[in-house]
Each structure stands twice: as C-alpha cells, then as structure tokens.
Amino acid sequence: MPVLFPCIMLSEEPIRKPRMDDTIRANIYADNAFRLYVNGELVAVDSIQFVPHNVVSVDILPAYPMTIAVMGIDNADSLTGMEYANTNIGDGGFILKFGDGTVTSSIWKVKVISSGPLNGDSSNPRVVNNSLPEDWYTVDFVDHDWGNAREFSEEEVGPKEPFFEHDFEGAKFIWSDDIRLDNIVLFRTVVPSPPDGRERPDFRGLNDVVPQQGGGRSRVRGSREKQKIRSRK
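Numbering follows numbering that gives the first Met the number 0, with no gaps: position 114 of the sequence shown is 113.
Incorrect hints may appear among the rest.
Derived PhoX-like pairs: lysine-lysine, alpha-carbon spacing no greater than 25 Å straight-line [what the hints assert, rightly or not]:
no., residue 1, residue 2
1, 171, 108
2, 171, 110
3, 171, 159
Because the hints were derived from the structure by calculation, they are not lab data.
Please put together the full structure from these sequences, using the hints given.
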C-alpha cells in the first residue's frame with residue numbers, strides 16, 4: 000500500500016539564523032503604561048503600571064511591512080476615571096522610537112476604549128467604555144474608521160527624567176484628542192519599509208525552516224502536500 004509523506008520543497012535562497020545585529024532597539028515611554036504588539040505578536044508590556052514613570056527598552060526582530068499596535072493606559076479607577084483615591088484627574092501620553100527610525104506621530108491611528116470622568120465632572124465621576132475590537136492588534140485588522148492620533152508637546156505631557164535619558168529624537172508624544180479624560184486608547188500604524196533605508200532579511204516563519212549545511216536555513220513550502228515516495232507491501 001502506498002505510504003504518504005509530507006512533501007518538503009526548499010526555496011532557492013537559504014535563510015540563515017538571525018543574529019542580534021539583525022534586531023533593532025525599541026524605546027517606549029508611556030504615561031502610565033502600555034502593551035506593544037509587532038506584526039501581531041506581543042513583544043513588550045510596561046513593567047510599572049503607575050509610577051514611577053519609566054522607559055522600557057527591548058530588542059525586536061523587524062519584518063516589513065511592519066504592523067505596530069499599542070494599548071496606551073492612563074492610570075485611572077475603572078468606575079470613576081480618576082486616580083489617587085478619586086482625588087485627581089490624570090493625563091496620558093505615549094511615545095515610541097525604533098532603531099530603524101520608526102517614530103510615533105499623528106500618522107498613527109487611534110481609538111478610544113475608556114474615557115472619564117465624563118465632562119470632567121469630578122463631583123459625580125462616571126466613565127464610558129467601548130468594546131475592545133477583536134484582533135485589534137493583528138496584521139489583517141481593518142482600522143479605516145479609526146481617527147488619527149493627536150500630537151502633544153513635551154510641555155503638555157510633562158515626561159519624567161527617564162525619558163530624557165533615552166533616544167526619542169524625531170518621535171512625538173501622541174494620544175487621542177483628550178489627553179486628560181481618555182484613559183485607555185489603542186494605536187495602530189503600518190511601516191511599509193525600513194525608514195532608515197537599510198535592507199533587512201525577513202525572518203518570519205522560522206518554524207517552517209530546516210537546517211542546511213554550512214549553517215544556512217531554507218524555508219519549507221507546501222508542507223501539507225502529500226507525495227508518494229515509496230511503496231510498502
């Protein structure tokens with residue numbers, strides 16, 4: 000009876016293993032916290048949810064077009080939208096710079112998820128919450144109906160000392176239109192190619208490669224196809 004095995008087809012160009020010099024450094028500062036996704040993968044979460052304000056720096060392996068999605072979180076009570084035992088209305092702010100030159104700006108898309116206290120009323124604080132869109136961080140998500148982020152100056156955001164100790168040149172602080180009352184916002188952007196013009200290998204799909212002699216690696220295509228390679232009685 001014929002025995003079927005997966006058909007392994009190798010691409011012509013070998014793909015080597017990525018090295019650290021293939022990565023780029025990402026610097027992220029948020030007032031107060033964030034979750035960062037790149038090409039649908041969670042790559043960084045702010046380690047401090049409130050204070051002190053910090054910069055998170057991580058190495059990422061880029062692939063273009065590169066979809067970046069961020070949840071920006073301004074610390075606030077989920078029922079009142081206020082902080083410090085409901086005595087203060089805080090403000091948000093988010094800024095990012097990648098080592099390839101990717102920066103935050105008003106080109107990014109934004110959607111508000113939670114806002115409050117409504118109308119800035121701290122005497123009777125209430126919040127309004129919108130549903131979190133399913134798969135909002137994925138590559139294929141359609142954000143055409145999202146608005147553009149608004150840029151804010153350093154004076155408006157008031158970043159703390161760690162911000163000035165890292166490279167954010169060219170990047171802008173962004174948020175929704177209301178930096179005080181909008182407490183949870185989503186950002187998205189697509190970087191079509193490296194802003195610095197440097198060509199980089201595409202290492203996506205590393206689980207679909209097999210080792211080659213000399214350390215090279217070739218992508219596997221058509222792994223689900225079946226081929227008769229021999230017969231057994």
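Hints, verified against the model:
1. 171 to 108: holds (14 Å)
2. 171 to 110: holds (18 Å)
3. 171 to 159: holds (15 Å)
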